[in-house]
Amino acid sequence: VDGAVLVTTSNAISLSDVMKGLELFDKVDIPPLLVVRNMASVPCEACGHRQPLFADNAISGLADFLSDRHVGLLDMPLDAKLSQAPLSFQPAMTYGYPFVR
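Quick note on numbering: the sequence shown equals residues 1 to 101 in this note's numbering.
Keep in mind that the hints were calculated from the coordinates and are not lab data. Owing to the predicted nature of the structure, the values given are computational and were not obtained by experimental measurement. Even for Gly, the Cβ is constructed at its ideal location relative to N, Cα and C. No incorrect hints appear here.
DEER-style ranges, computed between Cβ atoms:
| no. | residue 1 | residue 2 | range |
| --- | --- | --- | --- |
| 1 | C47 | D17 | 30 to 36 Å |
| 2 | C47 | D2 | 37 to 43 Å |
| 3 | L78 | K27 | 30 to 36 Å |
| 4 | V28 | P52 | 30 to 36 Å |
| 5 | A12 | S67 | 17 to 23 Å |
| 6 | V5 | C44 | 24 to 30 Å |
| 7 | V28 | L53 | 28 to 34 Å |
Please model the entire structure based on the sequences and the hints provided.
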């Protein structure tokens, strides 16, 4: 195993699981490479503004903590187009979703 990717949301319970995961990977010498913050925001279809989904401030210190450890943080918005792909039996790439290649 070359590295680990952890997926979380911005709420406090999910972030505590990420911290536990980081500790676990440290113990087994697997470097964490990236933390994906799933459902970080909802984009407005009219203007493109991204509204955060979680109102708590639990995520505020995570970016600095990860930066100190040289671990990336990627915000993944909630996108209705991506959720429609399984229903239409079409790959997500056909919807032009920017993070799926």
